[in-house]
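**Student:** Following the hints, complete the assembly by docking chain B onto the known chain A.
Same order as they appear, the protein sequences are chains A and B.
Sequential numbering from 1 applies to the first sequence in this note's numbering.
Sequential numbering from 1 applies to the second sequence in this note's numbering.
Everything labelled a hint here was simulated from the structure, so no lab data went into it.
Everything hinted at is true.
Ranges between beta-carbon positions, derived for each pair: (1) B:3 x A:54: 20 to 30 Å; (2) A:56 x B:42: 23 to 33 Å; (3) A:116 x B:67: 45 to 55 Å; (4) B:8 x A:53: 41 to 51 Å; (5) B:1 x A:39: 19 to 29 Å; (6) B:59 x A:56: 24 to 34 Å; (7) A:71 x B:81: 34 to 44 Å; (8) B:55 x A:80: 47 to 57 Å; (9) A:116 x B:62: 34 to 44 Å; (10) A:16 x B:81: 46 to 56 Å; (11) B:16 x A:17: 42 to 52 Å; (12) A:5 x B:3: 28 to 38 Å; (13) B:9 x A:61: 18 to 28 Å; (14) B:46 x A:39: 13 to 23 Å.
Facing chain B, according to a computed beta carbon distance under 8 Å, are these residues of chain A, among others: (15) 42; (16) 43; (17) 90; (18) 94; (19) 104.
This one's a predicted model, so the numbers in the text were calculated from it and none came from an experiment.
Even for Gly, the Cβ is constructed at its ideal location relative to N, Cα and C.
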Amino acid sequence: EADIYQTPRYLVIGTGKKITLECSQTMGHDKMYWYQQDPGMELHLIHYSYGVNSTEKGDLSSESTVSRIRTEHFPLTLESARPSHTSQYLCASSLGTTGTRGETQYFGPGTRLLVL
Amino acid sequence: GENVEQHPSTLSVQEGDSAVIKCTYSDSASNYFPWYKQELGKRPQLIIDIRSNVGEKKDQRIAVTLNKTAKHFSLHITETQPEDSAVYFCAASILGGSARQLTFGSGTQLTVLP
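In isolation and in its complexed conformation, chain A is listed as follows:
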């Protein structure tokens, strides 16, 4: 079934550890996004990608990095996790074509990160 997947769903980790949050979509979408969201609060765009080898920083300053080596895969990496990184991270994708259908963003289930 075409969907967008995120792993892990929950992660508890100590300060200073390196972590990678995985995001994959099987919908053939060109554009992908990472948002940081405290539960029920505002969505903050931290990274986005127009396609393979294209990545941009979003509105919220983030110490994370992303890569887009394959169309379907958009992992987010924190080199050294800190308690301030504790949050929920949502991955999303969109078709990227013109028209309203191309603009609709489909979200993954999210990764809840707790840094101790």
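**Tutor:** Structure of chain B alone, referenced to chain A:
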């Protein structure tokens, strides 16, 4: 860049009453305005959208209105039900633009009281 403001941040209504959430945007070039619903512990999902060439769109109990001149748009939910309780996000973008697409509002927590 685009800036979207959303009000109110929280809204409580009695079951069966109507709910209205309002958003304003800053970029007059924006021409696409979707609304997303996020239930507790779940992912945001598109519920309705509108393009700037129409003033109103309706889908059963949900409607969205757009005032291009004033640069604001609203979500209207009639005959509210407990399952309408969620956080609602408005957004704005330029269709086919080179920008990074949607700019989201800050969200409205809607609670429908039984």
